[in-house]
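Number of protein chains: 2
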Amino acid sequence: MVKKYYSDVGFVSTQTVRLPGFETTFGYQFPYVDINYLTLGNLNKEKNNVILVTHALSGNALVAGQDKETGAIGWWDDYVGPNKAIDTNRFFVICSNVIGGCNGSTGPTSINPKTNRPYNMEFPPITIQDMVKAQSLLLEYLGIEKIFAVIGGSMGGMQALTWALHYPEKVHLCIPIATCMAHSAMQIAFNEVGRQAIMSDPNWNQGNYTPDKRPEHGLAVARMIGHITYLSAEIMEKKFGRKPQRNPEPSDIFPIFFSVESYLQYQGESFVKRFDPNSYLYITKALDMFDWFQNIENPDVAIRNIKSKFLVISFQSDWLYPPEQSRQIVKLLKRANKSVTYMNLNTPYGHDSFLIPNKELSTIIDSFLDLEFNQLTKNGVNLNAI
Amino acid sequence: MVKKYYSDVGFVSTQTVRLPGFETTFGYQFPYVDINYLTLGNLNKEKNNVILVTHALSGNALVAGQDKETGAIGWWDDYVGPNKAIDTNRFFVICSNVIGGCNGSTGPTSINPKTNRPYNMEFPPITIQDMVKAQSLLLEYLGIEKIFAVIGGSMGGMQALTWALHYPEKVHLCIPIATCMAHSAMQIAFNEVGRQAIMSDPNWNQGNYTPDKRPEHGLAVARMIGHITYLSAEIMEKKFGRKPQRNPEPSDIFPIFFSVESYLQYQGESFVKRFDPNSYLYITKALDMFDWFQNIENPDVAIRNIKSKFLVISFQSDWLYPPEQSRQIVKLLKRANKSVTYMNLNTPYGHDSFLIPNKELSTIIDSFLDLEFNQLTKNGVNLNAI
Chain A
1460 MVKKYYSDVG FVSTQTVRLP GFETTFGYQF PYVDINYLTL GNLNKEKNNV ILVTHALSGN
1520 ALVAGQDKET GAIGWWDDYV GPNKAIDTNR FFVICSNVIG GCNGSTGPTS INPKTNRPYN
1580 MEFPPITIQD MVKAQSLLLE YLGIEKIFAV IGGSMGGMQA LTWALHYPEK VHLCIPIATC
1640 MAHSAMQIAF NEVGRQAIMS DPNWNQGNYT PDKRPEHGLA VARMIGHITY LSAEIMEKKF
1700 GRKPQRNPEP SDIFPIFFSV ESYLQYQGES FVKRFDPNSY LYITKALDMF DWFQNIENPD
1760 VAIRNIKSKF LVISFQSDWL YPPEQSRQIV KLLKRANKSV TYMNLNTPYG HDSFLIPNKE
1820 LSTIIDSFLD LEFNQLTKNG VNLNAI
Chain B
1460 MVKKYYSDVG FVSTQTVRLP GFETTFGYQF PYVDINYLTL GNLNKEKNNV ILVTHALSGN
1520 ALVAGQDKET GAIGWWDDYV GPNKAIDTNR FFVICSNVIG GCNGSTGPTS INPKTNRPYN
1580 MEFPPITIQD MVKAQSLLLE YLGIEKIFAV IGGSMGGMQA LTWALHYPEK VHLCIPIATC
1640 MAHSAMQIAF NEVGRQAIMS DPNWNQGNYT PDKRPEHGLA VARMIGHITY LSAEIMEKKF
1700 GRKPQRNPEP SDIFPIFFSV ESYLQYQGES FVKRFDPNSY LYITKALDMF DWFQNIENPD
1760 VAIRNIKSKF LVISFQSDWL YPPEQSRQIV KLLKRANKSV TYMNLNTPYG HDSFLIPNKE
1820 LSTIIDSFLD LEFNQLTKNG VNLNAI
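Line by line, the protein sequences give chains A and B.
Heads up: take any position in the first sequence, counting from 1, add 1459, and you land on our numbering.
Heads up: take any position in the second sequence, counting from 1, add 1459, and you land on our numbering.
Hints may be right or wrong, so weigh each one.
It does not matter which identical chain is used: a pair holds within one copy or between any two.
Here are the simulated DSSO-like cross-link-like pairs (lysine-lysine), alpha carbons at most 27 Å apart as the crow flies [as the list claims (entries may be wrong)]: (1) Lys-1732 with Lys-1463; (2) Lys-1790 with Lys-1698; (3) Lys-1697 with Lys-1837; (4) Lys-1732 with Lys-1543; (5) Lys-1462 with Lys-1527; (6) Lys-1697 with Lys-1790; (7) Lys-1837 with Lys-1766.
It is worth saying that the hints were derived from the structure and are not from the lab.
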């Protein structure tokens, strides 16, 4: 039996469904896709209370609650649950593992039905648009035609933006957090070093590693790089500064072992237990290739056709996805006369800010959802008829 | 014959001298140390025109000119030479490879006289103070008692600071550029990921790799991380943006290969040809352990005893060694009533700014050296008698 931690949501179980395949952005035809997902709360009879939460690079379907099997707590448990910012007493929350992932949805570790072997690097390159397409198939399967809100941070924000642009009739609110319209050279560069760390690990073996000989060192290094970029210099200084982890030990190579070194090593080691190296390659490349207006013939028309209202959120200390990138999204939407609320929060936690409990962020999301949902229901508007 | 490039200095040769050993900061006794060094210009009869240039992490003794053997051009050729910022017509310039390095000075690849094998990881941990101690032995060997100026960027700046504090009677001017008094948690973190990349490369083999099986992948990844931190996000965007390197090729794993990825891979690959992985571990650890007031019993007294005048320089776009770290040095010196000039330059190149040709930086260094040297010689002051 798993140890019980505290989650307002209680125990939950994700489930996996096999859905009809589709053609990816780059023209690969999936015969079918498996999607691992979690739902929380209840779908109301008007079917207008759906909130789709989209996850970031290392996330999964377990958005909140405690997994019955593994004991893990959802990655956004602080924001999703009864009476929380995303109130499961009121909303029907859906979160699914992205395609290309390694937590139950079709990805490089899945068996390729054409070869009966794991895809590994024969997995087709996927895009943020493909992730969204898979989510749209899941919603179809669940009998949901429209969603009240799509919300996510980082890569989740890219998915939210993609929903609003590619499925304008289906999305009422779009809440992209700490994200951008396209990666900068520096964002690509950090991901590329992570990929190089994995691919230069001899265990990677062109992606054909076995479970007992995975490129764990490379993946750990990639994760360490990530962790530095997710934090602000300020919070690292406050958390670790130049504190040594312990007194020198005879086995130490160097006379000082800083606690920030210990922290990074721990983060690297624990990540490799729960993440697939090939998945890391595919998903970071999807991030790098993301361009909001990719495959959009006429961006001006496309943006004019967007029906969602937006709440765009960034964090002052986020140097990986700096506020300027959110402001670019806001400017573009404003220029097209879209309804946009923009909040730049002054948290010290860097890019990680969207994952860390924060009263202000909770209140902003809660208020925005509450106001819009009240308006929707007060006016007796059926979301499906917008 | 090596290809001739353009250098005002012309062809040069570094030389190596074997000097008496010394005890390191952490108590290791070197029986002797080899120091590889270069001198440019001529020592005047007053012996008061010596400028010691101290190099950064991946630097070496070849500060300027073209190496007769390898054809390489000095790493600061833009700033050191006849009529340049550091004018070799006027000054006697000395630059030596740091102890722990891999370009001719005693380091992990050297033969340990106690075992007749390369030191590898039996090399003792070294500090910035040890590097400076080795330089002071070199100066002694060259018959130089006092130096007019010590100047260096990044790790070179730490050495300059250490000279001023530990040899107060010997240094007239101290010019630390883009440096700090001690690494922050984030600076340590980036170095640690580089070290982990090297040490988790199976070829590292606890440091006992052979020349034909070095941990090159790990070192390349470490260098790639370094390169991202040496540039500003702005200049990366300008240089690379989201430009693809070329059209997709059948051998490509992913449909887009960005030029920033190509750049990083090239930087990694070329670095491994000229640098030793163990040296990278030792030198980055020396950087991380550096604390200007380490082993100083009474910092207040020590700083009061400093005799040098200072020119402290930082760069607005340098996020690895941010201007704030230079300002801390300046504040501390001002509080002790030292003579300090501080310049924060608005270059876009990030930490790399000190290595890139820049008229403003040249002028500042040139003017400062000129003014002070004129004053010294006009007043007929013998530097050795200050």
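Starting from the hint list further up, note which numbers the structure goes against and sort them upward. Result: hints 3, 4 break, sorted rising.
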